[in-house]
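Student: Sequence:
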Amino acid sequence: MTDPLLDAAFLARLQKLALRSRTRVGGRRQGAHATRRRGQSLEFADHREYVPGDDIRHLDWHLIGRLDRLFIKLFEAKEDRTVQVVLDRSASMAGPKWTAARKAAAAISFASLAGMDRVQLMVADRGVVAEGSPVRGRRAIHRFFRFLGATKPQGETDLARALKGLPAARAGTITILITDLWEPKGFDEPFSRLAHRGGDVHVLHVLDSRELNPPLTGDLALVDAETGAELNVTLDRPTRERYAAAAQGWLEAAADSARKRGIGYFQLDAASPVEDALIDWLRAAS
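Positions in the sequence shown are counted from 1; adding 176 to them yields the working numbering.
Among the hints, erroneous ones may be present.
Lysine to aspartate or glutamate pairs mimicking EDC-like chemistry, simulated, CA-CA at most 20 Å apart [unchecked claim]:
| hint | residue 1 | residue 2 |
| --- | --- | --- |
| 1 | K192 | E428 |
| 2 | K340 | E365 |
| 3 | K361 | E428 |
| 4 | K328 | E359 |
| 5 | K340 | D364 |
| 6 | K361 | D395 |
| 7 | K249 | D222 |
| 8 | K436 | E332 |
| 9 | K328 | D395 |
| 10 | K340 | E359 |
| 11 | K249 | D231 |
| 12 | K249 | D236 |
| 13 | K436 | D384 |
| 14 | K361 | D432 |
| 15 | K328 | D384 |
| 16 | K192 | D432 |
| 17 | K361 | E406 |
| 18 | K361 | D400 |
| 19 | K436 | D452 |
| 20 | K192 | D452 |
| 21 | K436 | D400 |
| 22 | K340 | D384 |
| 23 | K328 | E402 |
| 24 | K328 | E365 |
Hints were generated in silico from the structure; no laboratory data involved.
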């Protein structure tokens, strides 16, 4: 099952994790996650006093022996859910960010499949392209590996337009957008579209710390990776300081915009090994 994106040691760590929703949700059929509906799974929920007509198979004989009253056990039905992983494949994602972003998409997909979730993997630029219908079971990761291996960064980005084309989010859907947020129109509209989908929504903001603090000086011609537009600048110390301040302000604004809309927000530095960071995020998002 190993792949250049996820080595055997990382896969073993991911198998111990399953991305869990912050709230209990309903699913389409019995699976691995608890819901508000009471059922006959092995997930104990509570006790209540017996009333005529209750199933006597659920009587708690240990409690009856201690209290000399009839109590039955309540159980929570366990349901599956759908995890929608949306990977920004616009041209600005090329290089180390693309490697980190694909690894994140593969890791989240595998951890969710291992947790018996249904997973749908998609890529977005000015539109959205799905790998296929939602699937479940760890064997499906091979399809995702092939899809991610054949996908390349290209073209311009329009996240708001792309997110408008996402499949509808059923109750309990978890939507995860992996992107560098280099969005000419800003991130407020894309975040609003995500927030209005319902369910849990997370943004993994893929950064390259070398872009935030570029090791460059002198007279430069900067070329936009998506549009080809050029900008001539002199990168001296005052300019670098203004750039660093603007970059920090942009990061804070992105985090604040996500937080206001109830979106989970996490920064992933592509210039560093991402495995530990992804594990930490998966634990925190559980």
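Student: The structure should be examined with respect to each hint, and the outcome stated for every one.
Tutor: Here is what the structure says about each hint:
1. Distance check on the hinted pair: K192 and E428 sit about 32 Å apart at the alpha-carbon level, beyond 20 Å; violated.
2. At most 20 Å may separate the alpha-carbon atoms for a hinted pair to count; K340 and E365 meet this at roughly 10 Å.
3. For the given pair, K361 sits about 17 Å from E428 by alpha-carbon distance, which is consistent with the 20 Å threshold.
4. For the given pair, K328 sits about 18 Å from E359 by alpha-carbon distance, which is consistent with the 20 Å threshold.
5. A threshold of 20 Å between alpha carbons decides the hint, and for K340 with D364 the separation of about 14 Å falls inside it, so the pair holds.
6. As the CA atoms of K361 and D395 are separated by approximately 28 Å, the hinted pair breaks the 20 Å bound.
7. Proposed proximity of K249 and D222 is supported: the alpha carbons are some 6 Å apart, at most 20 Å.
8. A threshold of 20 Å between alpha carbons decides the hint, and for K436 with E332 the separation of about 27 Å lies outside it, so the pair is violated.
9. For a cut-off of 20 Å, the pair hint linking K328 to D395 is broken: about 31 Å separates their Cα positions.
10. Under the criterion of a C-alpha separation no larger than 20 Å, the hint pairing K340 with E359 is consistent with the structure, at around 15 Å.
11. Only pairs whose Cα atoms come within 20 Å are accepted, and K249 paired with D231 is accepted, the gap being roughly 10 Å.
12. Restraint check for K249 and D236: the C-alpha separation of about 6 Å stays at or below 20 Å, so the hint holds.
13. Restraint check for K436 and D384: not satisfied, since their Cα atoms lie roughly 25 Å apart, outside the 20 Å limit.
14. Annotation: proposed proximity of K361 to D432 holds, straight-line Cα distance about 17 Å (limit 20 Å).
15. A C-alpha spacing of about 18 Å is found between K328 and D384, which places the hinted pair at or below 20 Å, so the restraint holds.
16. Restraint check: the Cα-Cα separation between K192 and D432 comes to about 31 Å, which exceeds 20 Å; the hinted pair is violated.
17. Under the criterion of a C-alpha separation no larger than 20 Å, the hint pairing K361 with E406 is consistent with the structure, at around 18 Å.
18. Distance hint between K361 and D400 is fulfilled; the C-alpha atoms sit about 15 Å from each other, no more than 20 Å.
19. A C-alpha spacing of about 27 Å is found between K436 and D452, which places the hinted pair above 20 Å, so the restraint is violated.
20. Straight-line distance between C-alpha atoms of K192 and D452 comes to about 14 Å, which keeps the hinted pair within the 20 Å bound.
21. Taken as a hint, the K436 and D400 pair is broken in the structure, with Cα atoms around 30 Å apart against an allowance of 20 Å.
22. Proposed proximity of K340 and D384 is contradicted: the alpha carbons are some 27 Å apart, above 20 Å.
23. For a cut-off of 20 Å, the pair hint linking K328 to E402 stands: about 13 Å separates their Cα positions.
24. Annotation: proposed proximity of K328 to E365 is violated, straight-line Cα distance about 25 Å (limit 20 Å).
The structure fails hints 1, 6, 8, 9, 13, 16, 19, 21, 22 and 24 (numbered hints given earlier, in ascending order).
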